[in-house]
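**Q** Put chain B on the given structure of chain A with help from the hints.
There are 2 protein chains.
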Amino acid sequence: MNVNGKHYETIWLKPGNKKEAEIIDQRFLPFEFKIVNLKNCDDVFFAIRDMQVRGAPLIGAAAAMGIYLALCEYSNADTLDDYINRKAAFLKSARPTAINLGYAVELVLGEINKVQGLEQKTEIALKTVVKIIDKERQNSLDIGHHGLPLIERISAMKNEEPVNILTHCNAGWLACIDYGTATAPIYLAHNHGIKVHVWVDETRPRNQGAWLTAWELQQHGIPCTIITDNAGGHLMQHGMVDLVIVGCDRASINGDAANKIGTYLKALAAHDNNIPFYVALPSSSIDWNITDGLKEIPIEERNEEEIKYVQGIVNGKTENMLITSPESKVANYGFDVTPARLITALITEKGICKPEKNSILELFPEKIEMTIK
Amino acid sequence: MNVNGKHYETIWLKPGNKKEAEIIDQRFLPFEFKIVNLKNCDDVFFAIRDMQVRGAPLIGAAAAMGIYLALCEYSNADTLDDYINRKAAFLKSARPTAINLGYAVELVLGEINKVQGLEQKTEIALKTVVKIIDKERQNSLDIGHHGLPLIERISAMKNEEPVNILTHCNAGWLACIDYGTATAPIYLAHNHGIKVHVWVDETRPRNQGAWLTAWELQQHGIPCTIITDNAGGHLMQHGMVDLVIVGCDRASINGDAANKIGTYLKALAAHDNNIPFYVALPSSSIDWNITDGLKEIPIEERNEEEIKYVQGIVNGKTENMLITSPESKVANYGFDVTPARLITALITEKGICKPEKNSILELFPEKIEMTIK
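Listed in order, the protein sequences are those of chains A and B.
Each residue of the first sequence is one higher than the one before, counting from 1 in this note's numbering.
Each residue of the second sequence is one higher than the one before, counting from 1 in this note's numbering.
Honestly, I wouldn't trust all of these hints.
Heads up, the list lumps identical chains together, so a pair's fine if it works in one copy or across two of them.
Pairs of lysine-lysine, DSSO-like flavour, derived with a Cα cap of 27 Å [unchecked claim]:
1) Lys158 / Lys295
2) Lys135 / Lys34
3) Lys367 / Lys350
4) Lys329 / Lys6
5) Lys357 / Lys195
6) Lys354 / Lys14
7) Lys158 / Lys329
8) Lys329 / Lys195
9) Lys34 / Lys114
10) Lys127 / Lys18
11) Lys39 / Lys354
12) Lys135 / Lys295
Just so you know, the hints here were simulated from the structure itself, not pulled from any lab data.
Chain A on its own, in the form it takes in the complex (with noise of 0.2 Å):
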């Protein structure tokens, strides 16, 4: 989408030297918009687990951009297979919880482990990374036209009233190549005239709601107010959310999401409230071998310095800012899992499914073979 009126996408080759990729550092969003560049694998790894890119399809992405980055600089000290498996374990070892980070890594591998030589592995790596991407930005334009008459539906009823969404966390642009997931069906929205509102819940700690949903919303143009994560129950109650769209790091072939940490708890108010949840994500976000998602997918535990400390905007400057006494003891967990019966529906590159196992496989007829564990 654009910033500052010119288009971007999250992660492409670097103009000139098609051996580094570049990216956004979204650490340093909304309060500075630099690209950094990404020399090596080492570089994607730390750029993921850093945070510096983030949200599933972006984190499996540039995970695929890693192996090709790692041919790019193979230098013969190990055999190329033993290279490029501990390659992969490390990339694969940098966040947990997302589905695609294993998936992207584990494609690219399937497609170089079908020539020989290097300079033929390089090639076909870097084919299927652009194909990764390609399908990325594919599927969440996929999903925004599917998401999309959830919102007129709403809309047409509330007689040029804007429609009310909440959203937790960024499953926007930001999170993936273009358009974003949840997010996707609210910009296809907003372009068609439909009027928009989106309640942005802040999502401590990382603030990635805050920072980086209501800047690329603010951006295109689309009205939004940041809310506390304590506050969305609240507006459910008062009728002012007409729906909840969400993310997904990792869903179970039972329809169970797992998500940024409080997801699970806007889905009881959205239940409670009678208002419809939905959770947007492309296929490549499940985990077909996976069918309770509370029990099987693992979560992430993350540095207790990102809840002790925050970054902000002091006297002019970028600071990072001590929040709680130093002795306090803290913990940090990164994701929660929404069980299928808080959620009204998924939505998918390929349509719109209950969550449930029969369902999904509806839209994804091919991936039978793989539930059966």
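**A** Same frame as chain A, now just chain B:
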């Protein structure tokens, strides 16, 4: 309770000058422990409005103190009755949600109306303030004694493992005179040698959990861990919370409880995971005239700066940091209402009761008259 080993309460008459009061300025905790002087009624108004003091019971006590200080500074500019009524209305306008504010002001007004003359009125006002403070201290202690067996019972089943209690915001001694409401059973359990551990919700936007609750529990030696407001649901899903205890700013006679924004979300999660959810409150927080909490309790909307800026420490100095884009729109609701159906029981100074009219009135039969509109 103790601060660095010395016993403090939250409000007291200034030693050596009984025409002024002193409070702990809670806006600077846990970074600085500051005691400030309240010289007159206006000082009290600003202390309540700007949250130097907060918490329903403490707001009530402070407002009562405000009437007394108003009498101390009376200077014949107005008739005494007009003057006092004006000051009372002013104090009551400081914050809208907690019922204790109006309740305490009316209590003092009722007493001073029984006597004639400035001197007598001042004397009886002081007596009433002291009575309110004594009563709230005793209320907290009684709430503690009634709540203690709830923790003891769980402890007995846990075989020496700590009882994990989740709380939201600060309903600790800092919100009261001493002991607290939600924390009173926790302090007593700890003092009785029962192993407890408290999950402290950060409580955005003003971080009263991270700043006040964690601080006061740590000062008393009670193990606690700060979590984001998003995390409680995940902990409850995974058996890491044994019970929830929160405070209350105003309860309806049917047991709906207004408390810090986000409480409702935790109640939903507790309900979804069969975890007992208790609201601890003195009867001074019950609004005997309100039956439907959701419709009738006014919810304060506060300044957007509270969300856009956060206080903390940068380079050893206390600073205010901008944590959103300056252009972002923000909405800041202070409270939400947890419907009675999600509350296991109320813990009051007279005992434990179901969150429903008959059960509440069994403990407070003297209030039956007040509930007939």
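**Q** When Cα atoms must be at most 27 Å apart, do Lys354 and Lys14 count as within-copy, between-copy, both, or neither?
**A** neither (41 Å within a copy, 65 Å between copies)
**Q** Measure nothing new, just compare the shortest in-copy and cross-copy C-alpha distances for Lys158 and Lys329 to 27 Å and report within, between, both or neither.
**A** Cα proximity of Lys158 and Lys329: across copies only (23 Å, versus 47 Å in one copy).
**Q** State whether the alpha carbon distance between Lys158 and Lys295 is at most 27 Å within one copy, between copies, both, or neither.
**A** Between copies only: 23 Å across, 40 Å inside.
**Q** Under a CA distance limit of 27 Å, which applies to Lys127 and Lys18: within one copy, between copies, both, or neither?
**A** Result: close within a single copy only, 12 Å intra versus 81 Å inter.
**Q** Using 27 Å as the alpha carbon limit, work out where Lys135 and Lys34 are close: within a copy, between copies, both or neither.
**A** within (25 Å within a copy, 58 Å between copies)
**Q** When no copy is specified for Lys367 and Lys350, does a C-alpha distance of 27 Å or less occur within a copy, between copies, both, or neither?
**A** within (13 Å within a copy, 61 Å between copies)
**Q** At most 27 Å between alpha carbons: which applies to Lys329 and Lys6, within, between, both or neither?
**A** between (44 Å within a copy, 23 Å between copies)
**Q** With 27 Å as the alpha-carbon cut-off, assign the pair Lys357 and Lys195 to within, between, both or neither.
**A** neither (34 Å within a copy, 44 Å between copies)
**Q** When no copy is named, should Lys329 and Lys195 be tagged within, between, both, or neither for a Cα gap of at most 27 Å?
**A** For Lys329 and Lys195, only the inter-copy Cα distance (17 Å) is at most 27 Å; the intra-copy one is 44 Å.
**Q** If the cut is 27 Å between Cα atoms, do Lys34 and Lys114 qualify within a copy, between copies, both or neither?
**A** Cα proximity of Lys34 and Lys114: none, with 37 Å in one copy and 70 Å across.
**Q** At most 27 Å between alpha carbons: which applies to Lys135 and Lys295, within, between, both or neither?
**A** neither (30 Å within a copy, 48 Å between copies)
**Q** Classify it for me, Lys39 with Lys354: is the Cα-Cα distance of at most 27 Å met within a copy, between copies, both or neither?
**A** neither (42 Å within a copy, 63 Å between copies)
Against the hints set out earlier in the document, violations occur for numbers 5, 6, 9, 11 and 12.
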